[in-house]
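Asks: Protein chains in written order, with the working numbering: chain B, -7 to 569; chain C, -7 to 569.
Any given hint might turn out to be false.
Copies of one chain are not kept apart here, so a pair can be met inside one copy or by any two copies together.
[What the hints assert, rightly or not] Keeping only pairs whose Cα atoms sit at most 25 Å apart, straight-line, the calculated SDA-like set for lysine to any residue is:
1) Lys546 with Glu487
2) Lys541 with Gln491
3) Lys546 with Arg468
4) Lys207 with Gly405
5) Lys541 with Phe475
6) Lys322 with Pro212
7) Lys322 with Leu568
8) Lys216 with Pro324
9) Lys546 with Gly483
These are calculated hints, taken from the structure and not from any lab test. The model shown is predicted, which means the values in this text are computed figures rather than measured ones.
Number of protein chains: 2
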Amino acid sequence: MEYCAPEREANFLLFELFRVQDIWPNIAGFDEFTQDLVEAIIGEAARLSAEVLTPTNQIGDQEGCTWDKGDVTTPAAFKGAFAELTAGGWLGLAGNPEYGGQGMPKMLACLVEEMFWSSNTSLCLYGTLTVGASLCIDKHGTQDQKQTYLPHMYDGSWTGAMALTEAHAGTDLGIMRAKADPNADGSYRISGTKIFITSGEHDLTENIVHLVLAKLPDAPQGTKGISLFIVPKRLVNEEGSLGERNAVASGSIEHKMGIRGSATSVMNYDGATGFLLGEANGGLAAMFTMMNYARLSVGLQGLGAGELAYQQSASYARERLQGRSASGAKSPDLPADSLLVHPDVRRMLLTQRAYSEAGRAFALFVGLQLDLAKYSDDAGAQQLAELLTPIAKAYLSDKGFEGAVMAQQVFGGHGYIAEWGVEQIVRDARIAQIYEGTNGVQAYDLVARKVVRDGGVCIRGLVDHMSQTQVLEGHRADLNDAFDRLVRATGSVVERANQDPELPGAVSNDYLELAGLTIYAWLWAHMAAIAPQNDFGRAKRETANFFFKRLLPKSLGLAESIFADSSAVMGLPPELF
Amino acid sequence: MEYCAPEREANFLLFELFRVQDIWPNIAGFDEFTQDLVEAIIGEAARLSAEVLTPTNQIGDQEGCTWDKGDVTTPAAFKGAFAELTAGGWLGLAGNPEYGGQGMPKMLACLVEEMFWSSNTSLCLYGTLTVGASLCIDKHGTQDQKQTYLPHMYDGSWTGAMALTEAHAGTDLGIMRAKADPNADGSYRISGTKIFITSGEHDLTENIVHLVLAKLPDAPQGTKGISLFIVPKRLVNEEGSLGERNAVASGSIEHKMGIRGSATSVMNYDGATGFLLGEANGGLAAMFTMMNYARLSVGLQGLGAGELAYQQSASYARERLQGRSASGAKSPDLPADSLLVHPDVRRMLLTQRAYSEAGRAFALFVGLQLDLAKYSDDAGAQQLAELLTPIAKAYLSDKGFEGAVMAQQVFGGHGYIAEWGVEQIVRDARIAQIYEGTNGVQAYDLVARKVVRDGGVCIRGLVDHMSQTQVLEGHRADLNDAFDRLVRATGSVVERANQDPELPGAVSNDYLELAGLTIYAWLWAHMAAIAPQNDFGRAKRETANFFFKRLLPKSLGLAESIFADSSAVMGLPPELF
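Just chain B, same shape as in the assembly:
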């Protein structure tokens, strides 16, 4: 399987659509990211993706991970690839420069992350969890903790793992049982069993830094009684060298539908030594400070899967000869025309492409808000990032999975055969809709916490912002209708939610999709307006036209469905399910 990173797209989005050359010079630390440097970074990430990560993707899936008495062996080919990934400093991309990170804009990091996800999702996960854990330590750790862990995590010699879920406590973390008992020296003894721990145990690095949620003795009930602890697999001596093995062990690894090169452990903490990270009983809040980043990352995983799938299916459709065009043979000298003459194959390819390209623009728009919030203390940007994060996580991962399924369909029977690689994309992409908060949880977060709570102010502000952007005139009327539908749906949801506590959950899935579709419509109308007058721009305008004619109409049904009462879902008594 081949993968070609979307470098031209990256350039278009950064320098033509969002014009970061006008934004970054005003942000301290970002002024060094000139177009030349950015293109060099993107180019190197593209090379690494195509030449190092992609070739290990399929063999990693086939080989999978193995468990033996607590030791976990990753696919053989992952060792060298991971070493190249970390040697390039890619795990410290957006990390704190004080501790060896590169302090790169999130917008740029988004583009690089997408490429890595596309080229090898399983391998990428060992790095992503490290980035997530290091963000958390950077935000909440003491100076000593940062100095101890961050340099090793940025350079990839140690990886990170996040231990939240227990067998009976997934979405509902408040009912977790893991406990933390204080030691005399200020450390804690952590005991409990966590499940679904991505990279909880593996053989790629000499140490693994677990961030574990657990309850202190006499902690309050529920989510307000959860604390966060740093629990390294190997303890770190005072001078920074690796010390003895901690009581942290993998009890088994899961056999999963996909991401089989990524080791998912049941982790046992048997009185393991841990160190409080942030405030006592403030663990969930501490976890959540990195959630916006982690959730955007999982969205990018979906985007990366969709892009890879699009590339595979477009290339298959170009080369596969089957049937004749309904308007007369297009390649009369060949035994058949290419699949590209068939309108329904084009529909599947254009659908993938329309979601993939708008999705990338959307992810960068969210990345921009995160950058503005973090480096310019822009409260509006922070609020917008919080509004958009659940949409990015869920909508990008949903469309990535649907795109992968569509690519598989373009392949016909070959799409079902392991050898061709597309079915792996489907299996790998599926998890992004589930972990890091299921997409149902994202939708509820969006509607209940980000829309209803502020009476729809923030999302109406977004619509105002979108309304003021330059767009292709031919799409203006349809776009305004879409804005209007979203605003009406928002008003209706906010109003009814006051009387009906079930309403946000009842409409959340459809509302999130309506919001995503509307934002994508805006981005397509905007991209079509500013795209250059060449083949690249022509493809943008044709895809925009397809989006408005064939995909945006879905918003009609979504809006209608949102106007339904919660009784439509709550009416059936539980015992009749």
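Since chain B is already given, all that's left is putting chain C on it; use the hints.
Replies: The following block gives chain C in isolation, referenced to the frame of chain B:
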């Protein structure tokens, strides 16, 4: 994993909705199928499904099939289960009674098939291909051929295989290369390589009857030059005993995303002895006489997957405690409420259920037309069956897959873990959208051949029929709007297709979905009207309400999208994909 066959549903559909007790007595051979007998048959199929087929489903997936020098070994547990399946005569269910078949109504066979698909898709395939091949022999074979093969196929001592696809010729069979050279004794030497041959080689039976498409010397170009041949793995002696091994061999088996207990072979025919079935150069037509049945069966596979997935996820949602109801704790004595208090979980369950129950009713409606066409020579029913078949194949399999994905989502992280079994349903269900003509091919068949060709007469006739049915008054207005949308979309497609040969392919996917959704709306309104005044009926009415409020609105967007020109998909030049 447990599976409980929908016996009450079967009873409701046969005797309350479609009232077969008023229809079957008028069809020769069907009068023996009294309600008592039907319930006994359904009951026995339900028992076999739950007790014999289901327990071998997951282990069959895990063990898979193996290939060794042309020999294919199926999962160990399949041997006994297949023997029980065949001993009960289930492969001859709808077979010709003259040769040992049971001549059962297709409506009844549909219900049984669905149960078998639900309980073990891979194992079921060994039987389904046998049923398909025996249908073809029954319809096109000489008396001698029928006598030689059918009794063994009905009793399951021999299975069937259909060899159509070649590596370069999938949907486009006209460009196939397999050839058939006449022998002096009237038989043929068949040579060529076929791929994706389900049950082409296995160890469940002593013989395998291959139906192979190949070209006679000097056959016309394209699909009009294809003939069909019976090529048994072991030749049959004159007195009916098994003779020598034919030159038929499995070259390898595929590693697939799912249906891993089903062996899919590359088959090599090296001058194998074959016997012409039906007319020379009439092979494709002969194949297609069984297509309506085979395609409905694949639709039933999707339905079966959806039903199994619904059962798993509903049961998980009942038992899994996580979070609290937004309207106050429902199980205050437990650490958390069940998933059923969450509106979005209910949305996923009700969506699955609404498609599953309407899908079953729809499948039986198609089965009824096939019965009327076959046994009453009802030309209208034949035409209706031909119109509905592509919808049944594609829509049932699409909704089955989507339902399985939704069930997986209800399971959260557990849905991604092999041990829980739901991810297998997703993997198994996926193939139904691809084989037996991809769903894109079905959609094109529907629009180009079944709707545009007769100017929309048949589908408007169906709408008339549906309009005259008793429906729940509360749904009447929405239903009439849906009919109106379908009729307007049909008129628009028929009219524009005259000028634009790309139009049918451009809108086919959305048109098929609109047709499916409209038919389901009719069935829900009808079922809600006649369902009894008890819990069973209440569930029907609540699900109907959910369907009308939350699922039918999708038809708004589909209709709008169908009104788009073909330029929306044809505009992008091939080189820009």
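Asks: Given a CA cutoff of 25 Å, do Lys541 and Phe475 count as a within-copy pair, a between-copy pair, both, or neither?
Replies: both (16 Å within a copy, 22 Å between copies)
Asks: Treating 25 Å as the Cα threshold, decide for Lys541 and Gln491: within, between, both or neither.
Replies: Between. Shortest inter-copy distance 20 Å satisfies the 25 Å Cα cut-off; intra-copy 37 Å does not.
Asks: How do Lys546 and Gly483 come out at 25 Å by Cα distance, when the copy is not named: within, between, both, or neither?
Replies: Both ways: Lys546 and Gly483 sit 20 Å apart in one copy and 21 Å across, limit 25 Å.
Asks: Indicate which option fits the pair Lys322, Pro212 if close means a Cα-Cα distance not exceeding 25 Å: within, between, both or neither.
Replies: Between copies only: 22 Å across, 71 Å inside.
Asks: Go through the copies and call it for Lys216 and Pro324: within, between, both or neither, with a Cα cutoff of 25 Å.
Replies: Answer is between; shortest inter-copy Cα gap is 19 Å, intra-copy 71 Å.
Asks: Can you tell me if Lys546 and Glu487 fall within 25 Å by alpha carbon in one copy, between copies, both or neither?
Replies: Result: close both inside a copy and across copies, 24 Å intra and 24 Å inter.
Asks: Within a copy, between copies, both or neither: which one fits Lys546 and Arg468 at a CA-CA cutoff of 25 Å?
Replies: Answer is both: 17 Å inside a copy and 23 Å across each meet the 25 Å cutoff.
Asks: Which holds for Lys322 with Leu568 at a C-alpha limit of 25 Å: within a copy, between copies, both or neither?
Replies: Result: close only across copies, 16 Å inter versus 56 Å intra.
Asks: Is it within a copy, between copies, both, or neither that the alpha carbon of Lys207 lies no farther than 25 Å from that of Gly405?
Replies: Classified as between; 23 Å across copies, 51 Å inside a copy.
Consistency with the previously given hints is maintained throughout, with no hint failing.
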